[in-house]
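Fit chains B and C to the supplied structure of chain A, relying on the hints for placement.
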Amino acid sequence: MGAMSATQASLDVHPDRLLPTQPEVRDVARRLYAATKDLPIISPHSHVPPQWLVDNKPFADPASLLLTPDHYVLRMLHAGGAELSDLGRGPDGPVELDEAAARKAWRILCENYHLFRGTPVKYWFDTTFVEVFGITQVPSAETADAIYDQVAEALTRPEFLPRALFERFGISVLATTDDPLDDLAPHRALAEDPTFSGRVIPTFRPDRFLELARPGWADLARELGEVAGVDTGDYAGYIAALENRRRYFKEHGAVSSDHSHLDAGTQPLDLAEAERIYAAALRGEVTVEEGRAFHRHMMSETARMATQDGLVMTLHPAVYRNHDTDNLERYGADAGSDIPVTVEFTKALQPLLARYGNHPNLTLVVFTIDETVYSRELAPMAGFYRSMHVGVPWWFIDAPEAIRRFRGAVTETAGFYRTSGFIDDTRAFLSIPTRHDMSRRLDAAYLAELVAQHRLTEDEALATANDLVTTIPKKVFKL
Amino acid sequence: MGAMSATQASLDVHPDRLLPTQPEVRDVARRLYAATKDLPIISPHSHVPPQWLVDNKPFADPASLLLTPDHYVLRMLHAGGAELSDLGRGPDGPVELDEAAARKAWRILCENYHLFRGTPVKYWFDTTFVEVFGITQVPSAETADAIYDQVAEALTRPEFLPRALFERFGISVLATTDDPLDDLAPHRALAEDPTFSGRVIPTFRPDRFLELARPGWADLARELGEVAGVDTGDYAGYIAALENRRRYFKEHGAVSSDHSHLDAGTQPLDLAEAERIYAAALRGEVTVEEGRAFHRHMMSETARMATQDGLVMTLHPAVYRNHDTDNLERYGADAGSDIPVTVEFTKALQPLLARYGNHPNLTLVVFTIDETVYSRELAPMAGFYRSMHVGVPWWFIDAPEAIRRFRGAVTETAGFYRTSGFIDDTRAFLSIPTRHDMSRRLDAAYLAELVAQHRLTEDEALATANDLVTTIPKKVFKL
Amino acid sequence: MGAMSATQASLDVHPDRLLPTQPEVRDVARRLYAATKDLPIISPHSHVPPQWLVDNKPFADPASLLLTPDHYVLRMLHAGGAELSDLGRGPDGPVELDEAAARKAWRILCENYHLFRGTPVKYWFDTTFVEVFGITQVPSAETADAIYDQVAEALTRPEFLPRALFERFGISVLATTDDPLDDLAPHRALAEDPTFSGRVIPTFRPDRFLELARPGWADLARELGEVAGVDTGDYAGYIAALENRRRYFKEHGAVSSDHSHLDAGTQPLDLAEAERIYAAALRGEVTVEEGRAFHRHMMSETARMATQDGLVMTLHPAVYRNHDTDNLERYGADAGSDIPVTVEFTKALQPLLARYGNHPNLTLVVFTIDETVYSRELAPMAGFYRSMHVGVPWWFIDAPEAIRRFRGAVTETAGFYRTSGFIDDTRAFLSIPTRHDMSRRLDAAYLAELVAQHRLTEDEALATANDLVTTIPKKVFKL
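Here the protein sequences line up with chains A, B and C, keeping their order. Numbering of the first sequence is given in the working numbering, commencing with residue 485 and proceeding in unit increments. Numbering of the second sequence is given in the working numbering, commencing with residue 485 and proceeding in unit increments. Numbering of the third sequence is given in the working numbering, commencing with residue 485 and proceeding in unit increments.
The shape of chain A in the complex, shown without the other chains:
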């Protein structure tokens, strides 16, 4: 494509990037942004492997650090024609790459860099390249090797070790996402290590244990019982085992549980029906409908547990996982073909909210990729129920214009103080600072617009900008 001919200029990131372009409004935004840009990063929901920080070993190579684990990148390169096997993916996920393979994958990224124009992936890469690695060349077929060399060289230096980056990025809290069976040894190791002062906490993510119609669920239930030291042979034991593991996570620092089912239902079952379905599932005789009824029931049960143990409850529903079934067989999950579906919250959350929606111990943060629910459902509910907050844009819509749409759709009904604060939700460790910085720039931009329209004073905007990265996430996630 002729597209490639443009990529000869030098790579640069502008200090005013993402701020309003109108000079008078930009001046306000600059002042608001200046007040928050250097504040510590609170990351209450990410997917960084904690073992990286325990081991603190140099990252292997540019491709396996920046490309292979990141399904945001894989998906677009796949759409552009790349084979996932050329991008470091094997049948069960990422594989180790030799230098030739790493270079090949890297070259595919650089050759196809124009595909990312207008996307946040380009924005994050540009910023990471410049600000973390000091790169000055625009990625392209011609520059692929030189950039690879520069990144690879950097990764051998001590200041690019995981803990050094953690500190350099100014991360004050990092929450990982973990399986209920996990012994959380990395988190314990980090907490007990006197040479590491960061706070790295787990998040309880029990989805597969709550979906009884999944293949292999009965084995999971047994394993859950073993790890919890509780007999999960009946429903009461299952509930006790989950409560036990939540306690274990909480003892290891967890502040939240995370939930992602295909719908947002929360209709509770009566005890006998829950017991009946549970027993059927153990025998492998559960239907899809029963499985769905049970996970909905478990959302209300989870809220009940939260009113007791205080773990914040985050919902990320309505994604059709592994849409490309052929790709799933060849490369495993998380390879780029998870696709959102429409979601309904008003009716779905009513049973949970009518029971627990104003309970002082419950905090419920609801995320969506279906933007239609912001002004219609989420903001009206979060503007009434004490427990409920609207999560910031997630995944596909963690992007500049989408974030602007979020503020535009949510704020007029729910204000700023019923939203969650930023979460990065990322596997891409090196992108954490630019993701948080992007959010701060965009919030400064939005607030500056309100000031320019005389809807807020600059003092009010400044206090709000500050709250959005300090008091709000601390309060919402009980940090």
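Honestly, the hints are just simulated from the structure, not real lab data. Just so you know, nobody snuck in bad clues.
If several chains are the same, the list does not tell them apart, and a pair holds so long as it fits within one copy or across any two.
Keeping only pairs whose Cα atoms sit at most 27 Å apart, straight-line, the calculated DSSO-like set for lysine-lysine is:
| # | residue 1 | residue 2 |
| --- | --- | --- |
| 1 | Lys521 | Lys962 |
| 2 | Lys606 | Lys958 |
| 3 | Lys606 | Lys959 |
| 4 | Lys588 | Lys959 |
| 5 | Lys541 | Lys588 |
| 6 | Lys734 | Lys958 |
Just chains B and C, lined up with the frame of chain A:
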């Protein structure tokens, strides 16, 4: 929260608020706004109690005037942690407040004023405080008492009596919302009072009479018959009674009927089926499905009646009423937990529109809180059917950005002349001028953008701005 | 209406129309637009009658050229009160107009020109009037006859013959939309005519042949068999006949097939079930459900055919055709009452995409009028599947703000290179240049914003603007 520290500056409302921030575009908007800002207010859909204007007594206190009746305010204070009982609500709605209770409620509002940042509630309050009461302090814990005193003192003065405000606000028509059983005595009293020159007209709101599966419906049907002087023991009598009450409303000045059911269905039933369901409902044997089929039938019946008596038909569907069932038991309806749901119009309205959608006597105005239908369903239908108009944003989305989205989504398909003109839909009498003014500012802003993009001449924009607050609402609501 | 008083100024189209209004951003946009404004027009999906170009006769009169065939115009004039019979429509579509009738229709348009303020129809008319006809008067009751005369006079001149306009407009490719039974004689005539150098190609539009529950389908199946020379008495023959006609279309230059059903389903049937439903339909015994299952099956079958013959597959689903059934009886189809409905793609397309979504021979372009699917469904899928592209806004949403919303909702997930390039989809031949020009202006404006926000360099923006009207449509439509 640190948030509060910002609220020390003096309260101010800027003459250019909500206008475009770019100077060249703002200049156009200023000229457009100047042409409409002082035109009389036409309010064809509100919830102001007409008895206030009949009695013309001083308002009791700041809280019971500005806070307690306004569910926009209650909901956010509730979300922020307030008890509704501390905001003047008892088990059956608002209660009388002594001064201590009124001051306490007022203090809660002022302490939590930061929750409203970015919402239109703050905008309306700021403007009302400054322009109606001359207040100069930003509401906060520190200023709560002083502002209370200032408002309370003003309310004792003759220029703050309901009729004086009605005149000061420049209201030329105010439509209230009324029950079919209402004798409309206040409206008659006002019409017959030679000392009051305002036009205050009722609106026929028969929802609860059309939902046959509601508890207590059979009693309502009997009462309807009594008031109408018609035997409602069969379906024909019921229809006659409704037609009779519509006539009564029309004789008392009504120009429209208003309808709010959970869906927008209009499928008519054949006569025998309507009679059968009606009879079953009188015996208390109607199912939810039959009730739904009947109210859908009645929407087409209402359109038929409108082709005969000419009452404009306004639809406000798709709200889940009293979502927080616990709150409903404790504080009654209209306390902040009504939550929108998704709505479908294309299929739902087809039976009505195919029958009556081009009838010269029918005007149908369709409102939505589900913004997704603007460009997909409402604008295409209003851009074809002669009877149909798109209602302006309502309730949660009567807000600056949402109104901008409305114009952006509707205008390109339906233009300006297929929309309704502004309605305030409010119980908050003192906010009526700022609500209409907000709409005029936003329409000026939108039109100025079209001028700046060379899509309209300034002459065309000026004529349109004027039509939006004069000829359009007069034509749509037959005023 | 007072509205009319504004329309006295002289008609003008500004060189910066639709470009950003902020001077610094506009400067960038001007440079981007300057680079694409004179590039040839590629029109891969239109509804222009090819016979016009074969005959190359003068157009009859202003109304039958610019008004009667264009349902965008008819619908709004109808909403404004006009009878379609006064706009040149008879029971079976457009009728021939004598001068009095043509003048009357034209006058209705001019008198109601204010209805189109803010719509793209006004924009296209203004531009066409000024740039094609040199008109300087704003349409109104007063100017109707003078404008009529000026257009009518122009149409008698050789430079307004269809082929002269085709050349003047700089159209390099024009795809028409054609029935599978069509012998494509006009396309053949044009291809074989040494005096005509334009490329005019057919598009295979088989909808009515794939909807087995439509009245009269069995006759269509027989006709299809006759034209294809294949016995369509069983399913295998039907498939062969369709493949045969596709081949015929391809031999006559077709590059795509176009599909518009009420939903986007693609679930294949097993062969026996497809055969069973087909046989039932031939006997006139097919149910609505079976018909729906069959057309969904045929979408996957069409994709399979495309992997063999390479015809690009375009989907335009989810329109409720002839919503005003009364109007349909009186004036036939395409008279303005087709209304969009909600659409779901993630689940609906999964069967097709899982089978063929990465096949090198398949290109699938998905269009929507339901804007909610852009960020939620279409962009995520097009950002993963190699075959899939997101179609640009179509019909009601081929409009300036809607196009801006499209770029805002799609680009951050799918970039620019997974979109289709512009299509005009129009019956209004004379509006083709202004429609393509509008798109180029809006893309320049959007790209300029990205540059101003420092998300793209101007070089990157320039390359992208160019690709959007050259390499991208050529690649997507295999031109």
